[in-house]
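Asker: Chain by chain, the residues run as shown.
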Amino acid sequence: MQIPAPFDYARASTVDNALALLERHGPESRILAGGHSLLPMMKLRLARPEWLIDINDLFELDFIVRGADAQGADTLRIGALTRHTTLLESDQVHALFPIITDAEKVIADPIVRNRGTIGGSLCQADPAEDLSTVCEVLGAVAVIRGSGGERLLSMAEFHRGPYETAVAHNEILCELRFAVRARTGSAYEKVERRVGDWAVAAAGASVTLAADGTIEAATIGLTAVGQTGTVGAAADALLGQLPTEALFIEAGRLASVACDPIADQRGPVDYKRHLADELTRRVLRRATERAHASATSTATQEG
Amino acid sequence: MTLIEDHPANPAAGDESRPIGYGRLQRKEDPRFVRGKGHYVDDIVLPGMLHGAILRAPVAHARLVSIDTSEALAHPHVHAVITGTDLQALGLAWAPTLSMDVQAVLVTDKVRFQGQEVAFVVADDRYAARDALELIRVEYEVLPPVMDARTALAADAPVIRDDLEGRTDNHIFDWEAGDAAETDAVFASADVVVSQEIVYPRVHPAPMETCGAVADFDAVDGRLTLYETTQAPHAHRTLFAMVAGIPEHKIRVVSPDIGGGFGNKVGIYPGYILAVVGSIVTGKPVKWVEDRSENLMSTSFARDYIMQGEIAATKDGTILGLRTTVLADHGAFNATAQPTKYPAGFFHIFTGSYDLKAAHCKVTGVYTNKAPGGVAYACSFRVTEAVYLVERMVDILAAKLGMDPAELRLKNFIKPEQFPYANKTGWEYDSGNYEPTMRLSMQMAGYDELRREQKEKRERGELMGIGISFFTETVGAGPRKHMDILGLGMNDGAELRVHPTGKAVVRISVQSQGQGHETTFAQIVAEELGIPPEDIDVVHGDTDQTPFGLGTYGSRSTPVSGGAVALVARKVREKAKFIAAAMLETRPEDLEWEKGRWFVKGDPSVGKTIAEIAMGAHGTVALPEGIDGNLDAEVTYDPPNLTFPFGAYICVVDIDPGTGRVVVRRFIAVDDCGTRINPMIIEGQVHGGLTDGVGMALMEIIEFDKEGNCLGGSFMDYLIPTAMEVPDWETGYTVTPSPHHPIGAKGIGESATVGSPPAIVNAVVDALAPYGITHMDMPCTPARVWEAMQGRPRPPI
Ligand SMILES: Cc1cc2nc3c(=O)[nH]c(=O)nc-3n(C[C@H](O)[C@H](O)[C@H](O)COP(=O)(O)OP(=O)(O)OC[C@H]3O[C@@H](n4cnc5c(N)ncnc54)[C@H](O)[C@@H]3O)c2cc1C
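Line by line, the protein sequences are chains A and B.
For the first sequence, UniProt numbering gives the first residue as 1, with consecutive numbering after it.
For the second sequence, UniProt numbering gives the first residue as 1, with consecutive numbering after it.
Just chain A, with the same shape it has in the complex (with noise of 0.2 Å):
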């Protein structure tokens, strides 16, 4: 059995009162949510918190909301204390983002995504975590309360960097928005050298067609290959084309030039390079499938 050091524990009845907790217990004090990033940290005494702010009671953290934004955009809306099961098992998330669904399939195993949060995988920013990557690649918004009051921050705000967010210590990750496309399709895909284990490499992304077609939208993202944010230079290449395979050759292409990874026990350089090229080029197809039966539902709908 792996020991951690001391620690204290508080059980937080409602936000305010997990503000509240977190500004007496001062900055040695953390949120505890599905406990398995953070706990397995403290097992091996790499994490020592002093007190751990429980917020597994705060269910107004755990919804799913399809609804108007206050600018009126059609939007989901998914609470940082949602469950990967939740995400995994959810036909409106499917429907609409089938990239969370097909990142869910592959993070960790049955027992931890019954545990694991949504909240929990973007604060811990873990540089192999999966679904940092899609939230980047889907253009989400993430909504955090501190006891100042609420503020919304994107992706490229959000994070700063390995294990680093802009959630400061007195703050909680309340849910991420992400906006509903017409026309729009997204996939992920991950290699990894045994299933629940972290990612090799992994590639996702989203692909928006015009009437015509062309692509009018695109974002590639890549997950554990030292990538920051989405892959612009290849997104870019995509744009007001013709989705063909050479276009993702060339934007697989992209992809691998531009990531940066680290030789590890998971693979060379040069094998996760390849990877971010082959990915790409499978998640560009996948979504552009995606995209054309989006279209074509629309259309029928419309018509």
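Check each hint, because a few of them may be wrong.
To be verified - Now the stretches of chain B that chain A is said to cover, found in silico as 3 or more residues with beta-carbon under 8 Å:
| id | stretch |
| --- | --- |
| 1 | 285 to 295 |
| 2 | 657 to 669 |
| 3 | 714 to 726 |
| 4 | 776 to 783 |
As the list claims (entries may be wrong) - DSSO-like cross-link-like pairs, simulated, lysine-lysine; straight-line CA separation at most 30 Å:
| id | chain 1 | residue 1 | chain 2 | residue 2 |
| --- | --- | --- | --- | --- |
| 5 | B | Lys-37 | A | Lys-43 |
| 6 | B | Lys-284 | A | Lys-43 |
| 7 | B | Lys-457 | B | Lys-481 |
| 8 | B | Lys-706 | A | Lys-43 |
| 9 | B | Lys-341 | B | Lys-362 |
| 10 | A | Lys-43 | B | Lys-110 |
| 11 | B | Lys-457 | A | Lys-105 |
| 12 | B | Lys-315 | B | Lys-481 |
Worth flagging that the hints you see were computed from the coordinates, not collected in a lab.
Quick caveat: nothing in here was measured; it's all calculated off a predicted structure.
Cβ coordinates follow ideal geometry from the N, Cα and C atoms, glycine included.
Starting from the structure of chain A, add chain B with the ligand where the hints point.
Answerer: Chain B with the ligand alone, transformed into the frame defined by chain A:
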């Protein structure tokens, strides 16, 4: 298929539905396991028990400059802090290993591997013990480590074992088998010779339950009770008596339920000794249970063999000879567990299932700054490495000759009429009939159809591979004239008592770590006495309750202890005959046995059941001269030879050409372990071993960086397979009984672990044939497969 009818001695074997005796019987131990009522070392709680934790070295090679325990001792919940210096004063700083070397219990002079034991804290609870470890201040002078066996013998390599008198290098042993000159001659005359470096990387048995102990030393009567995760309670008791100076009759070793061993729990670890010392020092029982990282980083690893293989054949595919030189990495202390005479275990069985003209092997063992151990992970004393070598070499030869690997194997098998077969390195194979087993596996696989499918797929650029391995195992150590461990002959005892009401208890010297002894051994007695297995209790794992014997490892339980149990039951049956004769007022020679009952020849209605005889024995029947009033017996069994199970495995893989990811699509395993006592347990053993094989072939490796850091110290880094990586196993069997074993049984515990890795790697290499690849080393991870596809396969070490 070889049928059991060939061996009338065991007419029941192979009959899968027999109610009493052999057959599919649900495991007697399972009700407690499936209900969570197993009782493991960590479940043991004794009054006043304290908890120990070990401080481990953060570096691989360093001189110990100073150690300050004062702050840890000042911790309010700490009772004792023990260092190497303290042990030195007791003469316990070093303990003998199972390979006639010594191993530091706690570091006194120098750290020799990362994770080595430096100090031991005893505290009120395990939390305090862990916290106190952080209060011990240790100063190290870091030394350059030796992490690559290939350079361990270089003139400028740092000498790891400067504790050993006169030691000036890292050489442990050179060991040879076979005739070098004869082999050279055969090679010189051969049409075709192929050679290949083949690495079997360091892997770890990683049992679900880590190692641990609860030591309870009673200072008043000088008695030590030691609950341990051990596969060999009796051998441990004797060694503790020899090392710690506690008289053997004052030591009781108990091995309760064990959550997997695989050889990991054969040796005596410093933690066990420290728990004992902790109990002596504090006067209280002390529990020590290691965590997962400690288990992976410091306990017995497996393999770590760098093998240079060479195979010689004629143009038409007659294999003539095999030779190999091996560099064996034994880590910082030579602590492998194997029969004393064989420093490389049974590796010299590497001629496999083939009839060769000559063979020679030379193994050189070296020290490195890695954890000690070396014979573990269900390896049958290194038959695993041997089978891997020969089965890879045969495939490489097949590729060279352009022959189908199945055909090449069939052509070179030892023929049934050659058994008992003396191979070129000193083994006598007891029995075998390889071709029917091979043919059955090919038939189950639909071999020709698979080859057709592969051809079509290749034309489309898809990567599909078919891999074969045909292995001969060598298990059941062993005959006392050849085999001992530290002078203890490798025999096993059994005691059987039939109670007055006809229920029985059999006490065995081997210990189960999940193999199902409580069921299998009850079935052996049931078969011999004709009473239901439910009426027979199997007692094991407690030295106060069981006869002496060497324990469970190397698939030896059924070959050795199973023999003992069959013989002790026969002894009881013989005795029952005399008592029955007295009861029936007839002569013993006028009685005939049918399962469960002695009856009068020619008048089957007149007889006595075992239960009636038992009551008679303990009752008032006037017993014949020389027969005492019980129905008990005991034996110690010295097997005349080892047993040689075998099997034919076929694996089908698909590889994603874009990512290098390997998927094991099918796996066909046909095993022959002689008489099948409980086919369900056999299949369970095979399923487990095949899963192990997938792990080793595709993902498992304990790697180190140049500084000596262990990169496999957690289950995030050391991957073991899950249900998702394994296919639906397709198992089959043939039955070729052992001619010398009392019931014709051979071992099965490790067949699949031994036989499956080459089948999987052969399949991967076969899939990659379009890239011109003839060999790649394990583990076949996506990255390593991709590198091989780029034309630069890389040894893992
Ligand atoms: C065996 C295993 C395999 C895994 N494999 C993968 C994988 O393949 N891919 C993958 O992406 N992930 C993987 N994970 C991680 C898993 O997805 C975790 O669940 C996730 O990373 C963290 O979520 P959590 O809710 O458990 O967070 P916790 O562990 O509870 O918290 C993580 C961090 O986030 C902070 N935090 C949590 N919630 C909030 C919040 N609402 N606001 C502010 N801070 C917060 C915590 O204080 C902590 O610092 C794996 C985990 C395990 C144990």
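Asker: Taking the numbered hints from earlier one at a time, note which ones the structure violates and give those numbers from smallest to largest.
Answerer: The structure breaks hints 7 and 12; every other hint is satisfied.
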